[in-house]
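Student: Sequence:
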Amino acid sequence: MKTNKIKWMLVALILVIFQMSTVSANQELISTTVVGKGKPIILIHGMACAPEVWDEFVEKYKTKNELHLVRIKGFGNGEKGEANHYLEEVKNELIAYVKENKLNKPTLIGHSMGGFLGLWAAAEAPDVFGKIVSVDGVPYFPVLVMPGITAETAKAVSSQMTTAMSKMSPEAAKANQEMMIASMIATEEKRPKVVEMGIKSNPAVIGQAYGEMYTTDIRPLMDKIKVPVLVFGSWAAYETYGSTKESVEKNMDDQLKTIPEYKLLIAESAYHFVFYDEPEWFYSELDTFLN
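Read in order, the letters of the sequence shown are residues -25 to -1, 1 to 266 in mature numbering (1 follows the signal peptide of the UniProt record, and there is no 0).
I should point out that these hints are in silico values taken from the structure, not numbers from a laboratory. Some hints here could point you the wrong way.
[To be verified] For lysine to aspartate or glutamate, the following DMTMM-like pairs were computed, each having C-alpha atoms within a straight-line distance of at most 25 Å:
id, residue 1, residue 2
1, K149, E187
2, K106, E171
3, K106, E224
4, K80, E34
5, K175, E187
6, K106, E27
Since the model is a prediction, treat every value here as computed from it, not as a measurement.
Could you put together the complete structure from these sequences and hints?
Tutor: Below, the structure is given as structure tokens:
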């Protein structure tokens, strides 16, 4: 009798543990798809995008690299994770992913928000990654368009943006996405795919992430990065606002200059999606850096 009671208690305990682990897994904000074989590269998409943004990259590198395509919950999909600081949790999960899977000094490549996350992860885990590539992502992007803004003064802007985006109607969200992508991708035929990713994204998650980009300044952490960094920048989309290639280069360099080993390259004509607008130049420079 006593033996049966103990047996059922053990079964109940196992079920509780299983349920706890299931809840925990559901709370994870990132998942990955692994393609190819070779030296590991982790690819992180940008705001309101999905791993499919790297499709051309995958075709070029899958025969020589093991590509870990990161999918963030709520980006390019309607899912919604819960986190007080969404991007910080994603950064922490990226670091944990490399450690748990025992990846040997992977290169981390991120676009825009993904580049920001890559720089942040490398600063907080300086011995985990081998190289960092940021495609038009900097430690604190708001200052590029709003000189003098700080994470503190941006709180009001952040709050308004988070609320506005989370309450946007589907029609308004689509129109907004089309307008934004037109200013981010110069190559017109590349736009619909990225617009669709944005439409499929969870507006509450994107609103929160945008807000956090305004209130998270990681410039003071850049001197902690101990691995080589390559940053691709763009300027052409901002020419109508008075920006020049030289002014954008200086603004970006000011944010990166405390990184011990880095290289900044500014595209000639590409908009924000540099790998779409100047692919030959992008992949040539990337190959040089990786090799």
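Student: All the hints need checking, so say for each whether the structure fits it.
Tutor: Hints, verified against the model:
no. : hint        : in the structure
1   : K149 / E187 : holds, 22 Å
2   : K106 / E171 : violated, 31 Å
3   : K106 / E224 : holds, 21 Å
4   : K80 / E34   : holds, 22 Å
5   : K175 / E187 : holds, 20 Å
6   : K106 / E27  : holds, 22 Å
Taken one by one, the earlier hints fail for this structure only at number 2.
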